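Same order as they appear, the protein sequences are chains B and H. Residues in the first sequence are numbered from 1 upward in steps of one, following the UniProt record's numbering. Residues in the second sequence are numbered from 1 upward in steps of one, following the UniProt record's numbering.
Some hints here could point you the wrong way.
To be verified - One side only, chain H facing chain B, incomplete, derived with CB under 7 angstroms:
| hint | residue |
| --- | --- |
| 1 | H328 |
| 2 | S338 |
| 3 | V340 |
Claimed, not checked - The calculated lysine-lysine pairs, modelled on DSS-like cross-linking and capped at a C-alpha distance of 27 angstroms, are:
| hint | chain 1 | residue 1 | chain 2 | residue 2 |
| --- | --- | --- | --- | --- |
| 4 | H | K363 | B | K42 |
| 5 | H | K303 | B | K42 |
| 6 | H | K363 | H | K303 |
| 7 | H | K39 | H | K363 |
| 8 | H | K242 | H | K231 |
| 9 | H | K76 | H | K64 |
To be verified - Some, not all, of what chain H presents toward chain B, calculated at C-beta under 10 angstroms:
| hint | residue |
| --- | --- |
| 10 | R306 |
| 11 | F307 |
| 12 | V310 |
| 13 | R324 |
| 14 | A332 |
| 15 | R360 |
| 16 | V361 |
| 17 | F365 |
Don't read these hints as lab results, they were simulated from the structure. All values derive from a computational prediction rather than experimental measurement. Just so it is clear, CB atoms sit at the ideal spot from N, CA and C, and this is done for glycine as well.
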Amino acid sequence: MVDASTLRPDLAVIARQVPAGVRVLDIGCGDGALMAALRDGKQVDARGIEIDGALVERCVARGLSVVQGDADRDLAFYPDGAFDVAILSQTLQTAARPDKMLAELLRVGRRAFVSFPNFAYWRMRWALLSRGRMPVTRHLPVTWYETENIHHMTVRDFEELARDLGIAIENRWFFTREREIGPSGANWRAEYALFEVRR
Amino acid sequence: MAAPSHTYTLPQPLPLDGGQAIEGAAIAYETYGELAADKSNAILVCHALTGDQYLASPHPVTGKPGWWERMVGPGKPIDTSRYHVICANVIGSCMGSTGPASAAPDGKPWAMRFPVITVRDMVRGLVALLDGLGIERLHAVVGGSMGGMQALSLAANFPERAARVLAIATTARHSAQNIAFHEVGRQAIMADPNWRDGDYYGHDTAPDAGLAVARMAAHITYLSEAGLTEKFGRRLQDRDAKSFGFDADFQVESYLRYQGSGFTRRFDANSYLYITRAMDYLDIAEEHGGKLADAFAGHAMGKGARFCLVSFDTDWLYPTSESRHVVHALNAAGAPVSFVELSAPFGHDSFLLDVPPLDRVVKGFLDG
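Only chain H is shown next, with the shape it has when bound in the complex:
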């Protein structure tokens, strides 16, 4: 895999919720825009499950534009002519930060010896990076989906580190349904004979079939039913009639297969296992004695951060009710919070796509 522009090696062991610690963990990151002399204009953008640090620059493997290029850049809602924007690959991932594909102290890949991590562990890694960069307080922490989980976790665990928290299409806890979909993906990977209990790194074959199925199942949860119907309906793929076989007769099948196989080119199957596990373990209330409002006690009236939550009406993965749950906890904690449910046809993926009201909310919140 291509080397990222910057890698920060943590000077201290990274302590983990599971009780272990990672020595010499590396965090790969990209930055956009100039950091002000007083370091007050930094925005940390946290990426989603299969995202990476290539926020607004081409992906080195796929060559595709950055995953949030429509949102981040000069004159864009997250304006890099005003802000210094940082995006780092989370630990456990596979784009340059330490994860299961990285070398363990014995020189061999960690594989399944890599410790199970949590979203809070990812955030500890990000905060360690901020320490290394000398950034005490972010102008804002921003994220969608798992990125939003990190933003909320950072607010709960490091309340003094960000002045604004923008969490989009996200949740403070993984539901039974969320866990269930992830378990389908993990079982698909583990059922692939090429997975070899995670020790596939030295072999010619990786569990690509299993990883592709995991991606296909997950991808369905990122879209809305109406969106799928509109995009594909029951239309057939490059044929006039059904084949009475198991080829990808339908366009939607062909699309999912393409999404699945494309994904295996850029993502490590073990990373997928570890990161989905981290998301399933997320329950910010549980981490703070069972009451979500207590998690945000550091943001009571007049101190702490301002919050903004955004949900989408067609997102059934992290529906509006989950954002409201967070908003109510923030209200109870006395934290200043804005919340809006935006209407967009694209399901959970709306946060990545062309939704002009989202641009206005992001810009208004960050600049206000």
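So that you can see chain B by itself, here it is in the shape it has in the complex:
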């Protein structure tokens, strides 16, 4: 069993959903918390990509296989279908071309978990509407000029992109204030979303 109690809610869902013993690529794996949970709890063969060298160092120090690299550039070096599951958590909005990255994700992995902040969350809309300025929220605390999020998208945008790319959405989860919420009105109510997709 995976001890998901210390994981961020979207990662806890992924940890629950990934089958035991599979091969996983975690793109933007951070300090490796999810990888370590999958390795220790489900005997998953987990590999990671992380751009921040200090975080890679922490991953290596906990015995994980993590490559310092840029997902925009380095995914291309992995062979087709090398992984059962590819994970892209809170990273798609930082990609140079999210559509291409999504396609790459499902080239190297047979299925993928993708989580991203929902820019149609009502607090965002309200901040933009009432103050006329780019929102700074608890979940996205960085000002517009410093943020790594260069492609702002919504739940509906993602669903449309999946349709355009011919990608099947298998499952979806929504979160607000670090808790899972139901799917109704998610494009308004969800602070961030997690999708399980398949080629």
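Position chain H relative to chain B; hints supplied.
Below, chain H without anything else, positioned relative to chain B:
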């Protein structure tokens, strides 16, 4: 030269990439820490071009501490209270292993009759030593620079012999620039009249001037420009004004001269020729049909070794792009690999110097 603690004489001829074989080759080595009863805790550390087996014990010629004493020892990142650490002088070198200064079957020094060797030949020698020690599978093979080349070559050619491969500040192929710098060094040695076509062993003089120049040129490639500027700038050496002559006016000149002359006390010029040649010949992809990923095919998903590569942002001799090239090949082969580029001001030499994140990566990788 001082006798090493242990010498293993290979019972079989050592076959070489050049087609020849060396009969009765000797491998000099040092060990640190206890070997477990099941021989599962051995770590082989491979040394760099001018390194030797004195990894964590004083050098018998210079009296200086071992070349990686900051990394290897009880409680250190390569912890000798846990691991049995082996470091052997490569063939072709001059600290007790068979090389051009050793006696050939006719009793005279090999000199330039010594066969040209490759990094893979060095690794064959090391694997023969492991066979002699009864170590089937290493806990890890570790090396920086040419040591990293040996680690990668061992992984490519003997995939079952190591469970972990840690290659630091290294490359899987020598570039045109790498070869060019080595050629400057070799030509400096060969241009020294005391080189005598390599037959200087019976004479009072050795090609020390040429070897010193070779070392000076190479030493520049081990440092970063920023590091040199910080250490020396344009400061003058023991004088207030330029001499308008060709003394070592600048501190950096004096430093390089000191590095060059110190080196000739402990290293054989012909060994320098042979080992630099071996490095220039390195192209692990070429050895395996031209595709580097194929060289690591023995490490696909779930079997073989775990890899870790480390580069330094100021290393222009074997820059990060070379490590990435290896990482991409390992990814393509499906091998488990970690890679990190560390920030350190010392250029290529960073792997030998005080870089705390390197300590953490080495320890984490070896213990994980």
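In ascending order, which of the hints set out earlier in this document are inconsistent with the structure?
Result: no hint breaks.
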